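Each chain, written out:
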Amino acid sequence: MADNTKDEEIILTIENLRRIYKDDDGADVEALEDVSLKIKRGEFISIIGASGCGKTTLLRSIAGLDKPDSGTIVMDGHPITKPDPERGYVFQQGGLFNWLTVEQNISYGLKTRRVYKQKKDDVAKYIELVGLKGFEESYPYQISGGMAQRVAIARTLINEPKMLLLDEPMGALDSFTRADIQDKLLELHKLNGITMVLVTHDIDEAIYLSDRIVIMTPRPGKISNIIDVKIPHPRQRGGVEFLAMRRKLLEEFDLATALPEPEYNI
Amino acid sequence: MIKKSSAIYGLLLSVSGFLIAALLNALIPITAPVEIVDYHIGGTVVTINIAYRIVLFFLSALFLVQGLVSLRDHDRWKKFAKGAPLRFASGIGLLLWDLLGTKWQVLPQPFFPGPAGIIEAFLIEPGFVLENTLYSLRLYAAGFVLGVVFGVGTGILIGWFPKVYYWVTPVLNVTGVIPAVAWMPFALTLLPTPFAAAVFLIVICVWFPVTSLTAQGIKSTPKVQFEAARTLGSNTFDLVFRVAVPHAMPQIFTGISTANAFAFTTLVMAEMMGQPGGLGYYINLSKVWSAYYKVFAAIVVMAVLFSFITAILERIEKYALRWQKGLVR
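Protein chains in written order, with my numbering: chain A, 1 to 266; chain B, 1 to 329.
Hints may be right or wrong, so weigh each one.
[To be verified] Okay, the calculated bits of chain B under chain A, using three or more residues with CB under 8 Å as the criterion:
id : segment
1  : 54-67
2  : 191-199
3  : 226-234
4  : 315-325
Please keep in mind that the hints were generated in silico from the structure rather than gathered at the bench.
Please read these numbers as outputs of a predicted model, since none were measured by experiment.
Glycine included, each C-beta is placed from N, C-alpha and C at the ideal position.
Using the sequences provided together with the hints, build the complete structure.
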């Protein structure tokens, strides 16, 4: 796992990250053991692994939502200690504010950052960008799961973050909606070159979207390999290169002959 | 579309009960020894029967207008039509009550006067009834608003700060079960005016349910909502007032409507135990003179007033919680 990326391209550096949880019996569980990773500016990177491999813990640490026991995360020269709108976070589900309309959810960040007056016009722009025109006045209970995730993406993007952290955002969606959101993410990535970090357990999703795939293994959670995906966009889900990459990844998980176990994260 | 025949049937059923009651009130002679007094109001002579019939006409006109307005909307009409048999039955009920209570006086007097007899209270002393109604209303408004403000405030503190939860919850649990009026002797002694004492009691009885339900709502806010808010740039103030409090709104409103019912009880009991005015005071005063028709008059005013207040609160709740799925049944 040689990481020979040039320093000027690096947006975020993770060094020797360690995180220990206490489980229900009070025993120590090593969620992350000595994890180091460099993320390039503008890249789409996926973190993939079985449940319990610490991929969500890693993402939460990047966001500043989880404090590591040791190690550092530095973004553009500043160590990360707490959440910041410059790192947008999209949750698997349940992150929307049910008492706010689509429009109010999206403008939430502008209001908390006290820039709503100056940037009022952005709201309509981002609603349009994620294809939710006509649903401005809808409440979250009135829209579908896929639309809810579009709102979640738009309300982080309106803060013009340097990085978008995606915590299995398609995990709770049906496969058609999932493909739809995946294309939306690629479109947004191409549009403003924002760095995207996706946590997923879906191998196809990782191949379809990523420039690089970080493979993690559980107990203790650590990075076992990093694979470059050099297939040109738009990628064909059934294409030869795609299937070859799929086989390669399955081998990484020793699943080349058997189907991967589904993971349920609810 | 609403069928013409069903519209006519619904409207007719809604008003005919009251109109029959008015008609028979005019036609059937009084056989019991009832003294019919002429009251001079604004230059016209009004008896209890005339006033009673005016009320019946007013009710039919009210339902007629309501029915006609609801014809424009299918759901509203359905709701209105559903109540039509009930309105007819109410009219017939009033008719029977009129016969048994006033015309023939079969019911034991003076404990159960007829509807016309009750109206006499409003003809004898309209100013005094109004004065006492306004006193109750003032007392209620002051106590209820203060109680809700204090309740939501303490609820936020308890729900947000674990230390406050630890120290205040036991106090809340012990004092919360005590009926507020039990504090009456202390309130009357320690507070400068009887009005302040009654406000204090209403505040206490409103404070308890509003506090505990607000705290519950704040505490039950999912972690993911706070985390989402933090990644969107929220400070602690935002987390409390833009996330936890709106999330707790359904529970806060449950607390408020429970408190509303408590407040009515406390209000009337407080008034009966030493207030210089109010509907409870009016009941006590009338009871001393065995003027039970006045007691009933006060009860009718309470029924109308409290239903009105409850309806307003429900409207506010429905608007504030319009984001909730399945609230409109």
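- Message: Taking the earlier hints as the rules, which of them does this structure contradict?
- Response: 1, 2
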